[in-house]
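Got chain A; can you put chain B with the ligands on it based on the hints?
So you can see what is in the structure, the chains are spelled out below.
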Amino acid sequence: MPRYIVSRLGLAVVMAILATLVIFLIANTVPGDPALSQLGDLAASNPEFLKAFRAKWALDEPLWTRYFIFLKELAHGDLGISIASQRPVLDDIKNYAPATIELATVGFLLSAIIGVPLGVIAAVRRDSWIDHVARFLSLIGVSSPTFWLAFIVLAIFYGELQIAPGPGRLDPIAFAPTNVTGLFLIDSILAGDWDTFRDALAHLILPSTVLAAATLGLITRTTRASVLECMHQDYVRVARAKGLTEGKIVMRHILPNALIPVVTLGGLAYANLLAGAVMTETIFSWPGLGRYTFRSAAALDFPAIMGITLVVAVTYLIINLLVDISYALLDPRVIR
Amino acid sequence: MQDLTRISSAETATAQDGAAILDVRDLRTYFYTDEGVVRAVDGISYSVPPGETLGIVGESGSGKTVAALSLMRLIDDPARIVGGEINFDGRDVVKLSDEELRKIRGGGIAMVFQDPMTSLNPVLNIARQLVETMVVHGRLTEEQALERAIKLLGRMGITAPERAVDSYPHQFSGGMRQRVMLAMGFSNEPQLLIADEPTTALDVTIQAQILELIVELNRDFKTAIVLISHNLGVIASVCSRVVVMYAGEIVEEGPTEKILADPRHPYTWALINAVPRIDRHVPGQRRLVTIDGTPPDPLNMPAGCRFAARCPFRIEKCEQHPELLEIAPGRKSRCWVTQAGGDLPPPETSRGAPAEAKARPDVHHGSETVIKRGERMLELRNVVKHFPLPKTTLFGKQKWVHAINGVSLDIAQGETVGLVGESGCGKSTLARVIARIHEPTAGSVLFHGQDIAHASQAQVRPLRRRMQMVFQDPYASLNPRMTVGDILGEPLRFHEVTHNEKETRERIAELLDVVGLPQKAAARYPHEFSGGQRQRISIARALSVRPDFIIADEPISALDVNIQAQIINLMIDLQERFGLTYLFIAHDLAVVRHISDRVVVLYLGSVMEIAPADTLFAEPLHPYTRYLISAVPIPDATVEAARQRLPLQGEPPSTVDPPSGCPFRTRCPIAQGICAEVMPPVAEVRPNHFVACHFPGQF
Ligand SMILES: Nc1ncnc2c1ncn2[C@@H]1O[C@H](COP(=O)(O)OP(=O)(O)O)[C@@H](O)[C@H]1O
Ligand code: SF4
Ligand code: SF4
Ligand SMILES: [Mg+2]
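Protein sequence lines correspond, in order, to chains A and B.
The letter at position 27 of the first sequence is residue 27 when you use my numbering, and the numbering goes up by one with no holes.
Going from the second sequence to my numbering is simple: count from 1 and add 1000.
The shape of chain A in the complex, shown without the other chains (with noise of 0.2 Å):
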């Protein structure tokens, strides 16, 4: 196992640097001069700027000079200063990032934790009722695009019965708690603040759910036919053989061989939420990398959709990583 995953860490490790890499060669083929896209039209007509940019990025040094040069300032954190803001892309990074992590999270856990039990009672459960609406749900998850479920839940729960908040991660007056994590739900218990725990919680609710829709449609759906294939087996007809209970045979027979390919599918639908969260941050007012990313993009800010781009890239390696521990853990097979 420790041999796995030092392995498995290694080739995360290279995939890292390839990303890297990557980043650096786009953001230095562009045609033009790299400075001025790097600097923006304002900082670039200040000659001073410029010269200072040149000779810090080393732009008249050959192509891999400037790589490892670009690799040591990234090994300090430094992403370069974004354009809009004109602050350092971490520290914008740093700012919007707890938001989305806290709406993904909360958002997969929720499509997950109803989506695994649902898609095993289908299953178990074939062409009976539960079955039924359970696929009507997945159905209706995968198939609504989220801006227009984002309006109805809006519209219904907010404007019309009036029983959840509105957008936003906080009420308008309400102050965020300490920052620790940046994860308002674990800042306020570390504040022991339950009220602002509450608030937090209230406000994750809408947006959360939305987020939940297509991937609980989909985890709900790939658990099933999984469930499914697993339950013609033969060892699952040796241990009713055996005299076991059906609910043991679910459980330790059938469930961990049917969670195998549902792993995969959790980790990259996490990656998505984490990365793909533009449509529900807007609709939501919701502070995060999505719509970090969206202003970037809209702005031409260069250097902080690079800076993006490395962390979302850096994100699928370690959801990825994740995936093939667990992969380890569930199927002995792995490890050879």
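Everything labelled a hint here was simulated from the structure, so no lab data went into it.
Honestly, I wouldn't trust all of these hints.
[To be verified] With a cut-off of at most 20 Å between alpha-carbon atoms, the simulated EDC-like pairs for lysine to aspartate or glutamate come out as follows:
no., chain 1, residue 1, chain 2, residue 2
1, B, Lys1103, A, Glu246
2, A, Lys248, A, Asp195
3, A, Lys248, B, Glu1100
4, B, Lys1391, A, Asp331
[Said to hold, decoys possible] Footprint (simulated), chain B over chain A, 3 or more residues, beta carbon under 8 Å:
no., stretch
5, 102-111
6, 240-248
All residues carry an ideal CB built from backbone N, CA and C; glycine is no exception.
Using the frame of chain A, we list chain B with the ligands on its own:
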């Protein structure tokens, strides 16, 4: 014997002597499919006294497995038990509540299934799977169960059981997994163990070990055994009584030795006749006795005797359905002819006495055939094939599978060479190297004098016309989206054997005729044919380009015995008609003996022995060959009982890290120091008899 593996010291066979532990009455299990009702088990009755061994035999589809699964109500949805009683230990299983049923499952009745590779849960370790079996029946705690699991594994012949319990199924070979399944089966000391084709997926050597174990367990635990098999030899080596099933019914029942020596139902008679015997070979008699046709359509059972369409002894009365009646003390048959006291001719295989056959070993296979043989067609010299293993870690060392390690072999025009050995010993790889599907790592392959070992595909192409392959699974090797006509026409056009559509059509018609298929088959698709017919199509395709050499890799292994016999007969006919040369790969040694002129024994990618078939089987000189032959069960209860079986222990070592010197030395009982150092050369110990052993014939 006070065995550590017993739970209680009390005798488990509690039922009063005489009273059956299992009594099945008129059991019917039907499948309610979209096409109609399939009467898979259609009114079977039998009983099993405590501690007895009962065999159930019949071809695939006859209902054996459904009948077995029904005993524990393990059948799945479209199937339902629609009638009858299953009295186990005085209670009717059919009527039990789910809760009571669970107590019987794995408690009173245990079951071992055919495929050990899929019967264990891949993600749970062995300990967990064994322990839960015992704990669920509430007789042991987790700790006690683990302790017992270790003892049971040891009893089943698994080395270092304390470590083995922590393993996962994928770390075990098929034979070891079947031992785990047996440990699981016996863990609650059931009164009845049902074993459904427990050795069909295993090699003969491992099969012999498992059957031996089952016999011992039956003796030590007093557990009654119901053993299902299509192999009469397997039944003969374990069971005292046998039930023969055909088309969902029992057609014959009686003591094993009586049924094998004197079958009283034409179907049993046909089964016994269809299999060649490894212990006898009647010179000059190459064709096997077969019956025509296939079992009746289960959706549309005939009203009269279900065997009538294939029965060589049919009479007018057979249009009525016969009952299963006692025809002699302890013997029952479902046949009008034998019920009326009629006789079936004695099985062909028992006609020529074995002594007679031994006395004239040369008539068919001896010097005469050697002279008759033509020029050398194929010459292999030191052929080596190693496969790289996929690396497990990024910077790990490259490992190699040593599939073939220096094989030299000549095949002459017109002869049949049999290739035998345990699975994984490199038979298929060798076949593929000869056919140049694989390029050998080293060595030369001369086909008609031309070295094709490293030839380009373009150079091989004209020769490929003369060398064709037939595979084990005819379905996988036939494109399901092509009609049979297209399948046969493709090589004709590709190799430009025919030059226009009319010629192609004529040739297809001729080919269908040659392999005994109707002309209208050309317009149909592979899935519309039975396994045997599909193998005829594969053979027709191989013949289409008029090859002189055919490599048949396990061509009959997936087929029922009667169909096997038909295909063997077809291959023999074709050889005589077209002067074909065969390389015939099979794990069934009796069939290899029957069809081959010479036999090559392969072990771990090396040749162990090459000799004319009769010589090899009568006087094997290599220890491995002796073990192989000894492992084959013989469908004759008297012979089986008198036979001293040589149990080959263990399993072949890894091909990634093969032993030094003689590859067989890790399992050889007469291995000496030299065997670990020097690989024995393949030497001609007697005329035409080649052996790779430092001490040939000394075992
Ligand atoms: N393409 C391949 N890649 C790696 N290993 C292979 C390949 N083909 C066969 N082998 C290995 O070679 C050995 C011989 O296999 P095979 O020729 O299939 O034996 P047999 O026909 O007697 O069953 C086995 O250990 C098998 O796993
Ligand atoms: S009843 Fe007639 S058809 Fe049936 S097996 Fe006997 S002889 Fe053959
Ligand atoms: S060479 Fe030695 S180890 Fe190999 S078969 Fe002969 S006696 Fe046994
Ligand atoms: Mg093979």
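Evaluation of the provided hints:
With a CA separation close to 13 Å, the supplied pair Lys1103 (chain B) and Glu246 (chain A) stays within the 20 Å bound. Distance check on the hinted pair: Lys248 (chain A) and Asp195 (chain A) sit about 42 Å apart at the alpha-carbon level, beyond 20 Å; violated. Of the supplied pair hints, the one linking Lys248 (chain A) and Glu1100 (chain B) holds, its CA atoms being roughly 17 Å apart against a limit of 20 Å. For the proposed pair Lys1391 (chain B) and Asp331 (chain A), the alpha carbon gap of about 19 Å is at most 20 Å, so the pair holds.
For the stretch 102-111 of chain A, the proposed coverage by chain B is not satisfied: 0 residues have a C-beta within less than 8 Å of a C-beta in that chain, short of the threshold of three. Remark: the stretch 240-248 of chain A is confirmed as covered by chain B, as 7 of its residues place a Cβ nearer than 8 Å to a Cβ of that chain, reaching the required three.
Checked against the numbered hints given earlier, this structure breaks hints 2, 5; the rest are met.
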